[in-house]
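If you read the sequences in order, they're chains E and D.
Reminder that position 79 of the first sequence reads as 79 in my numbering, one-by-one numbering, no gaps.
Reminder that position 47 of the second sequence reads as 47 in my numbering, one-by-one numbering, no gaps.
I should point out that these hints are in silico values taken from the structure, not numbers from a laboratory.
Hints should not be assumed to be uniformly reliable.
Unchecked claim - In silico DSS-like pairs for lysine-lysine, Cα to Cα no more than 30 angstroms straight-line:
| no. | chain 1 | residue 1 | chain 2 | residue 2 |
| --- | --- | --- | --- | --- |
| 1 | E | K69 | D | K100 |
| 2 | D | K69 | D | K100 |
| 3 | E | K18 | E | K65 |
| 4 | D | K69 | D | K49 |
| 5 | E | K71 | E | K57 |
| 6 | D | K100 | E | K71 |
| 7 | E | K18 | E | K57 |
| 8 | E | K71 | E | K18 |
| 9 | E | K17 | E | K71 |
| 10 | E | K69 | E | K18 |
| 11 | E | K69 | E | K57 |
| 12 | D | K100 | E | K65 |
| 13 | D | K49 | D | K100 |
| 14 | D | K100 | E | K18 |
| 15 | E | K17 | E | K69 |
| 16 | E | K65 | E | K17 |
| 17 | D | K49 | E | K57 |
| 18 | D | K69 | D | K58 |
| 19 | E | K57 | E | K17 |
| 20 | D | K100 | E | K57 |
| 21 | E | K71 | D | K49 |
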Amino acid sequence: EAQVTQNPRYLITVTGKKLTVTCSQNMNHEYMSWYRQDPGLGLRQIYYSMNVEVTDKGDVPEGYKVSRKEKRNFPLILESPSPNQTSLYFCASGTGSDYTFGSGTRLTVV
Amino acid sequence: AQSVTQLDSQVPVFEEAPVELRCNYSSSVSVYLFWYVQYPNQGLQLLLKYLSGSTLVKGINGFEAEFNKSQTSFHLRKPSVHISDTAEYFCAVSAPFYNKLIFGAGTRLAVHP
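So that you can see chain E by itself, here it is in the shape it has in the complex (with noise of 0.2 angstroms):
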């Protein structure tokens, strides 16, 4: 089955604390891509990656870092967490005319 995976679903974590949030797909896609959810804001993107080794920043990257060492993952790095980056996350994967998403990382920064 086509997917991409997220994990974890859910997260809690404390300011300053270092966490990586997993995405990989098996749909051999070029490119990824972060965003995150807002309430009014819609989804901004974060970061996306056009193919392994290229990476590019979004409209809200400050706080964040990516890497794509391999096609299929593309995880989301923050390094030091702070409570405005409590949000709802969301990988993709695509071929421009076709994506998919994950099921989302709720992660709550305190």
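Fit chain D to the known structure of chain E by using the hints.
The following block gives chain D in isolation, referenced to the frame of chain E:
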């Protein structure tokens, strides 16, 4: 670069009434257009998409949308809504050979009995 504007943040409507959710886009190149739905506490589900061809696109759950290039719009319509259509709806745009999916801020549809 592309951008998307959803003109209504909230749309209240009574059950069995028609509804239109408005979406305008901006792009210097040809576009692909999408509508996604997010039910409470769930992920994103594709309702329909326009890639090329017929400008009237039919999707799931009785929804349809019309691509209007001159108006740069892609409005979503349903002739008769149900309580179960209560959800948030997102319009999004990408472009051929440009795999970056950009979302609008969303429209919250509230269907009342």
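Tested hints:
1. For the suggested pair K69 of chain E and K100 of chain D, the alpha carbons sit about 20 angstroms apart, so the restraint of at most 30 angstroms is met.
2. Between K69 of chain D and K100 of chain D the alpha-carbon distance is near 20 angstroms, which keeps this suggested pair within the 30 angstroms criterion.
3. This hinted pair checks out: K18 of chain E and K65 of chain E have alpha carbons roughly 11 angstroms apart, not beyond 30 angstroms.
4. Distance check on the hinted pair: K69 of chain D and K49 of chain D sit about 15 angstroms apart at the alpha-carbon level, within 30 angstroms; holds.
5. At roughly 18 angstroms between alpha-carbon atoms, K71 of chain E and K57 of chain E fall within 30 angstroms of each other, so this suggested pair holds.
6. Taken as a hint, the K100 of chain D and K71 of chain E pair is honoured in the structure, with Cα atoms around 17 angstroms apart against an allowance of 30 angstroms.
7. For the given pair, K18 of chain E sits about 20 angstroms from K57 of chain E by alpha-carbon distance, which is consistent with the 30 angstroms threshold.
8. Between K71 of chain E and K18 of chain E the alpha-carbon distance is near 24 angstroms, which keeps this suggested pair within the 30 angstroms criterion.
9. A distance of roughly 27 angstroms separates the Cα atoms of K17 of chain E and K71 of chain E; the hinted pair therefore holds under the 30 angstroms criterion.
10. Between the alpha carbons of K69 of chain E and K18 of chain E the distance comes to roughly 20 angstroms, so the proposed pair stays at or under 30 angstroms and holds.
11. Only pairs whose Cα atoms come within 30 angstroms are accepted, and K69 of chain E paired with K57 of chain E is accepted, the gap being roughly 17 angstroms.
12. As the CA atoms of K100 of chain D and K65 of chain E are separated by approximately 18 angstroms, the hinted pair is consistent with the 30 angstroms bound.
13. A hinted pair counts as satisfied when its Cα atoms are at most 30 angstroms apart, and K49 of chain D with K100 of chain D qualifies at roughly 15 angstroms.
14. Between the alpha carbons of K100 of chain D and K18 of chain E the distance comes to roughly 28 angstroms, so the proposed pair stays at or under 30 angstroms and holds.
15. Of the supplied pair hints, the one linking K17 of chain E and K69 of chain E holds, its CA atoms being roughly 23 angstroms apart against a limit of 30 angstroms.
16. For the hint pairing K65 of chain E with K17 of chain E, the CA-to-CA distance comes to about 14 angstroms; that is within 30 angstroms, so the pair holds.
17. A threshold of 30 angstroms between alpha carbons decides the hint, and for K49 of chain D with K57 of chain E the separation of about 26 angstroms falls inside it, so the pair holds.
18. Using a Cα cut-off of 30 angstroms, the hinted pair K69 of chain D and K58 of chain D holds, with the two alpha carbons roughly 17 angstroms apart.
19. A hinted pair counts as satisfied when its Cα atoms are at most 30 angstroms apart, and K57 of chain E with K17 of chain E qualifies at roughly 23 angstroms.
20. In summary, the hint linking K100 of chain D to K57 of chain E is supported, as the alpha carbons are separated by about 11 angstroms, within the 30 angstroms threshold.
21. Taking the CA atoms of K71 of chain E and K49 of chain D, the gap is about 26 angstroms. The hint holds against a cut of 30 angstroms.
Hint check: no violations occur; every hint is consistent with the structure.
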